[in-house]
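**Q** Each chain is listed here by its residues.
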Amino acid sequence: MTTETGPRQFERLALPHLDAAYNLARWLTRNDSDADDVVQDAYLRAYKYFASFRGENFRAWLLAVVRRAAYDWMHRNRPAEVVSNADMDLDAVASEADDSPETALLRKADQTMVNEMIAALPPQFREVVVLRELQELSYKEIAEIADVPVGTVMSRLARARAMLAADGKRRLKEYGHG
Amino acid sequence: MAERPDTMGDLIRRHGTRYAAPAGLAERIGAALDALHAESGRPAAPAVPFPPRRSVMPWRPLALAASFVLAVVLSSGATWYVTASDREDQLAAEVVASHVRSMQVQHLTDVLSSNQHTVKPWFDGKLDLSPPVVDLADKGFPLVGGRLDYLDNHPVAALVYRSNQHVINLFVWTRKSGVPAPQPPAEIQGYNLRQWRQGDLTCWAVSDVESGELDTFVKDFRAAAG
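Respectively, the protein sequence lines represent chains A and B. Taken in order, the first sequence gives residues 1 to 178; the numbers are from this note's numbering. Taken in order, the second sequence gives residues 1 to 226; the numbers are from this note's numbering.
Only chain A is shown next, with the shape it has when bound in the complex (with noise of 0.2 angstroms):
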């Protein structure tokens, strides 16, 4: 890290990672304007932050700052949704169905009700599936950022999918498409 540690130089380094951390935070908050004050916020604690960042990979410590603002104003705004998330029963969910989806599900689904069931999962495995599939990011990556084992990240990314295929299916037979 150089000693010139300006607004400048952290811009370089963070605005290339700005729709990252947006699509991180718009997942998280599921609201624009809410997004938009969490990056914000995020920016400006990465850049009080950034004279004593060390690691080797700056957009993994920039999105676990974000991630840490997001789940702050979720605490703060929405305290009842992060403890009924964390309340449910997700094993149970889990278990009704594994990761392999219905052909129906796969056909049918569209990009409504795919957003809509990214939306739906508590947000320790919403995260997770963001960063996954939507991001591209590694196992480690991800591990780093949400502050879990690798290991973690693996078993919530396959609860996450489970509980997707089993949402859907519900959807399906709700809405009477299935």
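Calculated directly from the structure, the hints in this document are not laboratory data. Please note that the accuracy of each hint is not assured.
[As the list claims (entries may be wrong)] On the chain B side, residues computed to face chain A include the following (Cβ under 8 angstroms):
(1) R13
(2) G16
(3) A20
(4) A21
(5) A23
(6) L25
(7) I29
(8) G30
(9) L33
(10) D34
(11) H37
(12) L151
(13) H154
(14) R222
[Said to hold, decoys possible] Part of the chain A face toward chain B, derived, beta carbon under 8 angstroms:
(15) R12
(16) L13
(17) L15
(18) N23
(19) V39
(20) N57
(21) M74
(22) R161
Ideal placement from N, C-alpha and C gives every residue a C-beta, glycine not left out.
Take the given structure of chain A and dock chain B to it, following the hints.
**A** Frame of chain A, contents of chain B only:
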């Protein structure tokens, strides 16, 4: 990609929306960074041991209170400051600031219960660890409840105990780094601090009870939870 998605991963990658940052966000961030830079004169990394948790105005007094505690830490703990790692230094300040905040914002507990069998399961699914929750009422330290907090870039369990009229916050988390932590100062600005390892957990107790009383609490807790 196949013509038709054939796994859940395919389906997500095909249809899931990748949101792009809205126009103007980069400029707004740039302007905010400039304002911050102008205000502080330099990026304040080492001087701000934890990022502001709240950006909304009602929290400003808390930030001030926390800064005050930190200022005292940084100015009074000189000997300790040069010998301990920056990280531990920040952490001790964070722990005290969290304790102060917990009592100022009417947010001492997320789960209010003196029953360890209520408090312990409450943390399940919220944290990657299962904190040892024990009731020490018979030792004079009744359990008040628990809450989630953030320290050292982790969500951590905060167990809240009472000693007469005093609150004891006990922060518990899994610490990955194998580096042995130097002992923090026993006291910062009137708050007593104790840090120890329990299995793979890092525990910090902070309170304004007397030093000897906090030692007793730590001893009783370790005996009951070990």
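**Q** Run every hint past the structure and note whether it holds.
**A** Now the hints, each set against the structure:
no.	hint	result
1	R13	holds, 5 angstroms
2	G16	holds, 5 angstroms
3	A20	holds, 5 angstroms
4	A21	holds, 4 angstroms
5	A23	violated, 11 angstroms
6	L25	holds, 6 angstroms
7	I29	holds, 5 angstroms
8	G30	holds, 6 angstroms
9	L33	holds, 4 angstroms
10	D34	holds, 6 angstroms
11	H37	holds, 5 angstroms
12	L151	violated, 12 angstroms
13	H154	holds, 6 angstroms
14	R222	violated, 26 angstroms
15	R12	violated, 11 angstroms
16	L13	violated, 12 angstroms
17	L15	holds, 6 angstroms
18	N23	holds, 5 angstroms
19	V39	holds, 7 angstroms
20	N57	violated, 15 angstroms
21	M74	violated, 11 angstroms
22	R161	holds, 4 angstroms
Hint compliance for this structure: hints 5, 12, 14, 15, 16, 20 and 21 are broken, all remaining hints hold.
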